[in-house]
Structure formats: C-alpha cells, structure tokens
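> One-letter residues, chain by chain:
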Amino acid sequence: EPEVTQTPSHQVTQMGQEVILRCVPISNHLYFYWYRQILGQKVEFLVSFYNNEISEKSEIFDDQFSVERPDGSNFTLKIRSTKLEDSAMYFCASSEALPGQAYEQYFGPGTRLTVT
Amino acid sequence: QSVSQHNHHVILSEAASLELGCNYSYGGTVNLFWYVQYPGQHLQLLLKYFSGDPLVKGIKGFEAEFIKSKFSFNLRKPSVQWSDTAEYFCAVNEGRDDKIIFGKGTRLHILP
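Going down the list, the protein sequences come from chains A and B.
Under this note's numbering, the first residue of the first sequence carries the number 208, and numbering increases by one thereafter.
Under this note's numbering, the first residue of the second sequence carries the number 727, and numbering increases by one thereafter.
A couple of the hints might just be wrong.
[Stated by the list, open to error] Here are some chain A residues pointing at chain B (derived, C-beta under 7 Å):
| id | residue |
| --- | --- |
| 1 | Ser255 |
| 2 | Ile261 |
| 3 | Ser262 |
| 4 | Glu263 |
| 5 | Phe268 |
| 6 | Glu275 |
| 7 | Phe314 |
| 8 | Pro316 |
| 9 | Arg319 |
FYI, nobody ran anything at the bench for these hints, they're computed from the structure.
Beta carbons: idealized from backbone N, C-alpha and C, even for Gly.
For reference, chain A alone in the conformation it holds in the complex (with noise of 0.2 Å):
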C-alpha cells in the first residue's frame, strides 16, 4: 500500500538556524498539508498546498514558514529561525483532490524536530 514518507525522522537543530523538512506524498495525490503536535498538545493544521500554491494556511504558518514541491515527489516545510517553541512532531499529509467530493488524508510517520 502506498504510503507518506518523510525525512528525517528527528532533527535537532539550534534557535535561529533554519530547518527544511521533507515529504514524499502517496504518487498520484494532488493535495498536501502540513500539520504539527506539539508534546501533550493536539495535532494542528499549518498549510496546505494545491497546484503549486497554498491553498490555505492557520495563523501559525507565518512568514518563518514556507512550503515548496521542489520537483515532482518531494513537498518540504521550511522554518527560516527556528524558535524553541517549534519544537514539534511536524506531519506531512496528501490527499487526492476530488472536485466537490469529500477525501481523506493519509498522514506520514512524523519528523520530530527539537529546538535547542
């Protein structure tokens, strides 16, 4: 069965230093989101992407974040300066895109990212 990968499975990064985060989506699938859950708390929405462009976004995705589909697998979450409260599971999620139909999302495993 197809599945989200994602890249690395943990990154430890310092505050202020930028971090790229990677996904490769199920193949055939034209929606990607990002979401993240941060330790005791629920998972939250942060973007999602559409024909090359963001669909759209939570007030957490500011302008320290920013989404890319760099060629034709990858999808990657870039945080610029990075803060301590970044410090997250970020996952990655791809759906198909269904016209006026309703679809589900198949999650990634995760990257745990720590912000030190």
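With chain A's structure known, arrange chain B on it following the hints.
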C-alpha cells in the same frame, strides 16, 4: 470550530466494551474521522463518515455513529484487545475546507 474528546485517558481490560466520545462545533456539512496512532507509528485512518448511513464501520472491528442532532461521532468497539492500545483522535473537516481539525486525543490502555 473545535472538536472535543471527552476522555483523555481510558484504561480497560481485554474483552471490555469501548465507547470514546467526540463532539464537534460546526453547524454545516462536515466530514468526520477517527484516526489511531499505535505506539511508535504514524496516524492511520480508522474510519470516516462523509455521507449516507450514519453508522460507519472501520478497520479492526471499530464503528462510529454520527448523530447530527447531538453533533457527535462516538467511536465504539464491542470487545477490545490488548493490541488496541493506542491514542485515538477524532477529527472533523468542515464541508470543502482543506484542513482537518483534530481533538486532543484519547490515550487507550488495554490491560492483558
């Protein structure tokens, strides 16, 4: 826009029946999900409701009932197993909105 899960931590013995409560606050069309996260694994879809029969069956013997008048989507299983130990997340997608809104999760611990 919120999803409330009534129980944060549930402990049951094997063969006990399970019901995990979930309520959401949105009056329009919703798509409803239960996701499960087994220890050390990623979020997996347990079951979903988009439309039609409000009683939906998912994997591993789980089912959930959508009660529109109560804004609820409770998860049930008649007889739990030790392997059901996991964290369970109720989630809502509003109409054709992109994002899924998650509840805080219920940590289920099954005693062998």
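> Against this structure, judge whether each hint is valid.
Outcome of the hint check:
1. Ser255: holds (4 Å)
2. Ile261: violated (10 Å)
3. Ser262: holds (5 Å)
4. Glu263: holds (4 Å)
5. Phe268: violated (11 Å)
6. Glu275: Violated, because the Cβ-Cβ distance from glutamate 275 (chain A) to chain B comes to roughly 18 Å (cut-off 7 Å).
7. Phe314: With a closest approach of 4 Å, the phenylalanine 314 (chain A) hint holds.
8. Pro316: For proline 316 (chain A), the interface hint holds, since the closest Cβ of chain B sits about 4 Å away, which is under 7 Å.
9. Arg319: Cβ of arginine 319 (chain A) sits 12 Å from chain B, so the hint is violated.
Hint violations for this structure: numbers 2, 5, 6, 9, all remaining hints satisfied.
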